[in-house]
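Chemist: If you want the building blocks of each chain, they are given just below.
Protein chains: 2
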Amino acid sequence: MPRLRSRSDVSATEKIALAEFAPDILAFLGRAAYVQLMIFENLSRVISTAPTTAAKTAIGKAAELSMAKHRKLVDEITKAGGSPAEVMDSFTDEVDEFDRIARGADWYESLISAYLSAGFFDDFYARLAAGLPTESHTRLVEIFRGESGEEVLAEFLQAAIDENPRLDSRLAMWGRRLMGDMMLLARSALVFPDHTRNTEAQVEPVFTELVASHTRRMDALGLTA
Amino acid sequence: MPRLRSRSDVSATEKIALAEFAPDILAFLGRAAYVQLMIFENLSRVISTAPTTAAKTAIGKAAELSMAKHRKLVDEITKAGGSPAEVMDSFTDEVDEFDRIARGADWYESLISAYLSAGFFDDFYARLAAGLPTESHTRLVEIFRGESGEEVLAEFLQAAIDENPRLDSRLAMWGRRLMGDMMLLARSALVFPDHTRNTEAQVEPVFTELVASHTRRMDALGLTA
Numbered sequence: 000m001p002r003l004r005s006r007s008d009v010s011a012t013e014k015i016a017l018a019e020f021a022p023d024i025l026a027f028l029g030r031a032a033y034v035q036l037m038i039f040e041n042l043s044r045v046i047s048t049a050p051t052t053a054a055k056t057a058i059g060k061a062a063e064l065s066m067a068k069h070r071k072l073v074d075e076i077t078k079a080g081g082s083p084a085e086v087m088d089s090f091t092d093e094v095d096e097f098d099r100i101a102r103g104a105d106w107y108e109s110l111i112s113a114y115l116s117a118g119f120f121d122d123f124y125a126r127l128a129a130g131l132p133t134e135s136h137t138r139l140v141e142i143f144r145g146e147s148g149e150e151v152l153a154e155f156l157q158a159a160i161d162e163n164p165r166l167d168s169r170l171a172m173w174g175r176r177l178m179g180d181m182m183l184l185a186r187s188a189l190v191f192p193d194h195t196r197n198t199e200a201q202v203e204p205v206f207t208e209l210v211a212s213h214t215r216r217m218d219a220l221g222l223t224a
Numbered sequence: 000m001p002r003l004r005s006r007s008d009v010s011a012t013e014k015i016a017l018a019e020f021a022p023d024i025l026a027f028l029g030r031a032a033y034v035q036l037m038i039f040e041n042l043s044r045v046i047s048t049a050p051t052t053a054a055k056t057a058i059g060k061a062a063e064l065s066m067a068k069h070r071k072l073v074d075e076i077t078k079a080g081g082s083p084a085e086v087m088d089s090f091t092d093e094v095d096e097f098d099r100i101a102r103g104a105d106w107y108e109s110l111i112s113a114y115l116s117a118g119f120f121d122d123f124y125a126r127l128a129a130g131l132p133t134e135s136h137t138r139l140v141e142i143f144r145g146e147s148g149e150e151v152l153a154e155f156l157q158a159a160i161d162e163n164p165r166l167d168s169r170l171a172m173w174g175r176r177l178m179g180d181m182m183l184l185a186r187s188a189l190v191f192p193d194h195t196r197n198t199e200a201q202v203e204p205v206f207t208e209l210v211a212s213h214t215r216r217m218d219a220l221g222l223t224a
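Heads up: the protein sequence lines correspond to chains Y and F, in order. For the first sequence, position 72 (counting from the first letter as 1) is numbered 71 according to numbering that gives the first Met the number 0, and the numbering increases by one without interruption. For the second sequence, position 212 (counting from the first letter as 1) is numbered 211 according to numbering that gives the first Met the number 0, and the numbering increases by one without interruption.
For the record, the hints were derived by calculation from the structure and aren't laboratory data. One thing to keep in mind: the hints can contain errors.
[What the hints assert, rightly or not] Beta-carbon label-pair distances, calculated as ranges: (1) F:137 x Y:22: 49 to 57 Å; (2) F:23 x Y:164: 35 to 43 Å; (3) F:146 x Y:145: 16 to 24 Å; (4) Y:172 x F:100: 38 to 46 Å; (5) F:165 x Y:164: 50 to 58 Å.
Note that the structure is predicted; figures quoted are calculated from it, not measured. Ideal Cβ placement from N, Cα and C applies to all residues, glycine included.
Put together the whole structure using the sequences plus the hints.
Modeler: Below, the structure written as structure tokens:
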């Protein structure tokens, strides 16, 4: 088991817990790259439907970072000997289905989906990457831990909540619903061998940590997770 | 593979011809920054509706470059002492109206609009920037002459045309129509003082050059401009 020394906050216990269930490197990268593309598409819709030009420009930075992250992951697929589109195409149905839910009913729901899902999946994939037995794992953790423009999205959400007193309960509910769907999509990336006993208990600490990070992102907006 | 001729340097004659009609620096930057945002939005719609994952990733690079260009122009507005959103908001109606036309009826029309308009407006604004009497003009020309992902867009258009024998006449017609609308939007950026005689004749050489570049972009795809 390679030990990772990095600025990431992934503990050894979590790495071991997930490493056992990590998919092969191409499946991992294909899924992560396509999820990142979905996050970009969601952000670009948020830009197109933004109520102000200031919001378009500010959120544009998050979209740019997200596309850069997607393209870095695509490069990693090539480095690992895969054909990017082919590798990603195995996961499009599942991820697109999540995306249809995550879009939400209006601009605010799309915006909080972009904020919560970018944070959640970067977090999840960084933890999963840390345990991968490949030479690329340090590079991959760096990609996922890279800047995402989360602060800018939080700022616009905060401003919207402040201006709109009824928005917070709706977005709180939306965040809880999205959490369930994100957990399902994350869990589906893990490979559970038939002979493994009590696997749920083994991955449980990791999902507890993901929920805690999600709760912190909700708290940052004053929303009850 | 379509071959694109590299963009020629702006000649002194063209600089002088346009400099006389250049708007003030903030109006110039506001318009150019918002046009660039529109190009990004068009590209991101092209990504969302792309028929293949390979197209999404490849065109993603153009979208990323376009957003980076937009944000550089926004930074220039700040440097010039303007408030970016406020400065851009004077031009949103006019540019959004162009965008509604440029979207086209399907993916191929959107894609060729993105390809043609990115090239056309980069070319036009580079020429206009070259004549600006500000310390920023060299920087601005560099921004507009920067990489735009044009080759990638041309590649996907070429592949689509090759596969689809009836597409070329439709896209040729679309390109001609778009040319007229791009000319109108470009011309509206120029300030014609009342006392100037025969201004059309003075700016004519510049527009002739813009049409020639547009024709080269169409030629690269085997389309009649």
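Chemist: Determine for every hint whether it applies to the structure shown.
Modeler: Hints versus structure:
no., hint, verdict
1, F:137 x Y:22: 49 to 57 Å, "holds (50 Å)"
2, F:23 x Y:164: 35 to 43 Å, "holds (42 Å)"
3, F:146 x Y:145: 16 to 24 Å, "holds (22 Å)"
4, Y:172 x F:100: 38 to 46 Å, "holds (40 Å)"
5, F:165 x Y:164: 50 to 58 Å, "holds (55 Å)"
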